[in-house]
Amino acid sequence: MDTKKKPDQVADNPGLLPYASNVGAPAIRPDDIAGWKVEQAVKTNHFFKARYEEIKEEYRKLIEQYEWNELVYRSQYNFLPIKGKTYFLYQREDTNLFLSLIEPEYWNEIFIGAFKLDSEDKWEKVQ
1 MDTKKKPDQV ADNPGLLPYA SNVGAPAIRP DDIAGWKVEQ AVKTNHFFKA RYEEIKEEYR
61 KLIEQYEWNE LVYRSQYNFL PIKGKTYFLY QREDTNLFLS LIEPEYWNEI FIGAFKLDSE
121 DKWEKVQ
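My numbering applies: residue 1 is where the sequence shown begins, and numbers increase by one.
The reader is advised that the hints may include incorrect statements.
Unchecked claim - Pairs of lysine-lysine residues, derived as BS3-like cross-links and limited to a Cα-Cα distance of at most 27 Å, are as follows: (1) Lys85 <-> Lys43; (2) Lys56 <-> Lys122; (3) Lys43 <-> Lys56; (4) Lys61 <-> Lys116; (5) Lys122 <-> Lys83; (6) Lys56 <-> Lys85; (7) Lys122 <-> Lys61; (8) Lys83 <-> Lys43; (9) Lys37 <-> Lys61.
As the list claims (entries may be wrong) - Across the chosen pairs, the derived CB separations fall in these ranges: (10) Ala41 <-> Gln76: 55 to 63 Å; (11) Asp32 <-> Ser119: 18 to 26 Å; (12) Pro104 <-> Phe47: 41 to 49 Å; (13) Glu105 <-> Lys43: 22 to 30 Å.
Treat the hints as calculated values from the structure; they're not laboratory data. All residues carry an ideal CB built from backbone N, CA and C; glycine is no exception.
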């Protein structure tokens, strides 16, 4: 132990103290984080809004794919579709739908759309 008498207001390790150790030390003030918090909240809100819009668009596309698949699978066809081949969906005058190999320019039926059967047995609309 150190038996030397130290003067008052002198710390052994002043750099480790959470407060100023002498009168000449700079004042310790907490950081003003209000501006930072507002900036971060704005950034975070933009992120969530953008992500929400992305998810909403993905959902819209998923519903659209579901509806096209439902339409094609409920249509009439008398052949086994080959994956990757393009087929054409038509509507008869009696509103019944049917799938055909014949392209729209060779037939005078109401053309609904062109579709391909993918590897997961989902019908993809061909643009």
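Evaluated hints:
| no. | hint | in the structure |
| --- | --- | --- |
| 1 | Lys85 <-> Lys43 | 46 Å, violated |
| 2 | Lys56 <-> Lys122 | 21 Å, holds |
| 3 | Lys43 <-> Lys56 | 20 Å, holds |
| 4 | Lys61 <-> Lys116 | 17 Å, holds |
| 5 | Lys122 <-> Lys83 | 9 Å, holds |
| 6 | Lys56 <-> Lys85 | 31 Å, violated |
| 7 | Lys122 <-> Lys61 | 14 Å, holds |
| 8 | Lys83 <-> Lys43 | 45 Å, violated |
| 9 | Lys37 <-> Lys61 | 36 Å, violated |
| 10 | Ala41 <-> Gln76: 55 to 63 Å | 56 Å, holds |
| 11 | Asp32 <-> Ser119: 18 to 26 Å | 58 Å, violated |
| 12 | Pro104 <-> Phe47: 41 to 49 Å | 45 Å, holds |
| 13 | Glu105 <-> Lys43: 22 to 30 Å | 53 Å, violated |
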